[in-house]
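Read top to bottom, the protein sequences are chains P and S. Per the working numbering: the first sequence = residues 1 to 115. Per the working numbering: the second sequence = residues 1 to 113.
Keep in mind that a hint or two might mislead.
Derived DSSO-like pairs: lysine-lysine, alpha-carbon spacing no greater than 30 angstroms straight-line [what the hints assert, rightly or not]:
no., chain 1, residue 1, chain 2, residue 2
1, S, K68, P, K41
2, P, K64, S, K100
3, P, K20, S, K68
4, P, K55, P, K20
5, S, K100, P, K41
Source of the hints: derived by calculation from the structure; they are not laboratory data.
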Amino acid sequence: GAVVSQHPSWVICKSGTSVKIECRSLDFQATTMFWYRQFPKQSLMLMATSNEGSKATYEQGVEKDKFLINHASLTLSTLTVTSAHPEDSSFYICSARVNMNTEAFFGQGTRLTVV
Amino acid sequence: DQQVKQNSPSLSVQEGRISILNCDYTNSMFDYFLWYKKYPAEGPTFLISISSIKDKNEDGRFTVFLNKSAKHLSLHIVPSQPGDSAVYFCAAQGPFGNEKLTFGTGTRLTIIP
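Just chain S, same shape as in the assembly (with noise of 0.2 angstroms):
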């Protein structure tokens, strides 16, 4: 059972537009959601994260937009940079004290020069 699910296995994205990444999840005890960027034969990096109790939150070039109601949320990269191509995963925390993350399946951004 995927609690956590990112339908798009794949994007391209044009150099200095915008990369929107998606992300559903089915389990209401979820209260924090995370991005993470993943290269080739490396642990998964931090990128951005975002309470329940929020519905954006914003770090430099990425935004992650919350729709509890919808259970979805998004990662928005503008602008897109050619360093961004990578696999991003969001993951799924909660409820509050149980530390496990429950991951998607990732999307591979490819940003094109």
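Looking at chain P on its own, in the form it has when it is part of the complex (with noise of 0.2 angstroms):
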């Protein structure tokens, strides 16, 4: 199946900093990406749709100026979390479709702490 790579698999940052996560498509290019939070023992929460060269659209409760998403080309989507507090600790997972007649693909997930 077609591969998303998620980078960092996971980071460590002091509260107050910002963290950037990247996912490729790696043999694929895909104009829609998903970025998810998954919480402890918690279902997969969709955070936000990204759009290449367009703004992203966020889910209901998620704030866009603290989850900023740049979809800068075909194969690059990334998540920065500006201001990081210890309740932002989740793991992110982004996904990305080949077409609307494939399952979406998943990245690795990042596991992020906020200490």
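Mind docking these for me? Both chains are given alone in their own frames, and the hints should help you get the complex.
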């Protein structure tokens, strides 16, 4: 299947700093990528839809000024957690589809710990 | 509002037996359903899917059943193997054109050797 690569796989940062997470589609182009967040023992919750060349669409309750999404090319979307706080500690996962007729492929996820 | 629910947080099954994971949904606009397998600290891996125009889809040891009237789907794994131990998420999508996936809360499956 198609490959989606996410980097880094884990990161520890100090409270108040910003962290950037990259999501790349390695062998296909993705006009749309999705960012999810998963808290322990909970479901994956969609945070935002990242659209190449345009603004991301955020789900209700997700702060767009805190979670900055940039989809600069057809193979790369980035999520920046700005002014991170301990409550932002979570597992962040991106996904992308080759086209409307294929399933979504997920990155490996990024474990963010804010101390 | 949890539109996709997996009411069993955990399930233990003997190796070789059948594992049945259940999922219920409330949104009648969903028309495509998927099952994902997830290991700790990794992203979900796609297992099998089913369109709302079907009631069964089979792929090797995995079979997904869809009961639209009951808004219920299930994943059958037979025979269960130790490597099947993981968290399984069902996900729903729709209507057509809406790419968002709505996930259930997951069921941790443990296969007992």
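Going through the hints against the structure:
The hinted pair formed by K68(S) and K41(P) meets the criterion: a straight-line CA distance of about 28 angstroms does not exceed 30 angstroms. Between K64(P) and K100(S) the alpha-carbon distance is near 18 angstroms, which keeps this suggested pair within the 30 angstroms criterion. A hinted pair counts as satisfied when its Cα atoms are at most 30 angstroms apart, and K20(P) with K68(S) does not qualify at roughly 41 angstroms. Between K55(P) and K20(P) the CA atoms are separated by roughly 17 angstroms; this keeps the pair inside 30 angstroms, and the hint holds.
Restraint check for K100(S) and K41(P): satisfied, since their Cα atoms lie roughly 21 angstroms apart, inside the 30 angstroms limit.
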